[in-house]
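There are 2 protein chains.
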Amino acid sequence: MRTHLQWKGQMAFEAVGESGHVVRIDAAESVGGTNSGPRPMELVLHGLGGCTSIDIVSILNKMREPMETLHVDIEAERAEDHPKRFTKIHLHYRLTGDGLDEKKVHRAIELSMHKYCSASASLNAELTYSFEINGEKILNQNA
Amino acid sequence: MRTHLQWKGQMAFEAVGESGHVVRIDAAESVGGTNSGPRPMELVLHGLGGCTSIDIVSILNKMREPMETLHVDIEAERAEDHPKRFTKIHLHYRLTGDGLDEKKVHRAIELSMHKYCSASASLNAELTYSFEINGEKILNQNA
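Protein chains in written order, with my numbering: chain A, 1 to 143; chain B, 1 to 143.
Fair warning: there could be bad hints in the mix.
Identical chains blur together in the list; that is why a pair holds if it fits in one copy or across any two.
As the list claims (entries may be wrong) - In silico DSS-like pairs for lysine-lysine, Cα to Cα no more than 25 Å straight-line:
| hint | residue 1 | residue 2 |
| --- | --- | --- |
| 1 | K62 | K8 |
| 2 | K88 | K115 |
| 3 | K84 | K137 |
| 4 | K8 | K88 |
| 5 | K84 | K104 |
| 6 | K88 | K62 |
In short, the hints are calculated from the structure, not lab data.
These figures come from a predicted structure and were not determined experimentally.
If we strip away everything but chain A, and leave its shape as in the complex, we get (with noise of 0.2 Å):
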């Protein structure tokens, strides 16, 4: 895989992969930035969710789970000293369907943590989930 990123002065760059999507990305502020995009690190955690969500999506989808909602909270815990890493990062995945099995929900996000989700796999951050089906919460367990 191939990206690329151009400065656009200040804190703010264009990054771009091969989907062609051109993404703004720019600092806060308060250390020069001009808030005119995203974060950087709010970039790699948009990067976990999409991967771990699509993952759930098309599982479920192959189960046939009549999913009519997906949401999914990630909470990031970072190191006080620089390099400031990613050290804890929790999902929740919050989950609407009438009729949803709860098993199936559960393996389905097992199977994105544990076989497919290739953005959990590239981080060194301890990860765990928990989740909820039409408003009722179900586990908290490791990843």
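Fit chain B to the given chain A structure using the hints.
Same frame as chain A, but now just chain B:
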């Protein structure tokens, strides 16, 4: 840090972090997406590139180095088997600027790679880098 993803149908998602900027994510048509946004693994690399680029701009600015343009080319290798994690990532920094000091540029990249860049420190891939100043290639090095 907190981020949030919402499924937008098929393989498309919208992600938003604390900066408030919404990032659309989508899979390729070949795997059931509509290519309405970048791939998740592109975003991970964009985060890496943005992180180290902001470092470079910030450090060279403090050093009063006359950088005029900055491009970063990222090439990532992935494992063949699932979960196809990033195994090796090479960053090639291309800078221009009349009178840019090679040693200071090298020092800025080293500081980013070894001290400041949160994204590179959060990835488990082997990182290497090279750079060129005004079209002259200088160095290949493990990060």
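So, going through the hints one by one against the coordinates:
Proximity of K62 to K8 under the C-alpha cut-off of 25 Å is restricted to the inter-copy arrangement: shortest distance 18 Å between copies versus 43 Å within a copy. Taking the closest pair of Cα atoms, K88 and K115 come within 25 Å of each other both inside a single copy (19 Å) and across two copies (20 Å). For a Cα distance limit of 25 Å, the shortest separation of K84 from K137 qualifies neither inside one copy, at 31 Å, nor across copies, at 31 Å. When the C-alpha separation of K8 and K88 is checked against a cutoff of 25 Å, the pair qualifies neither within a copy, at 32 Å, nor between copies, at 27 Å.
For a Cα distance limit of 25 Å, the shortest separation of K84 from K104 across copies, 24 Å, qualifies, whereas the shortest one inside one copy, 36 Å, does not. Neither within a single protomer nor between protomers do K88 and K62 lie at most 25 Å apart by alpha-carbon distance, with minima of 31 Å and 32 Å respectively.
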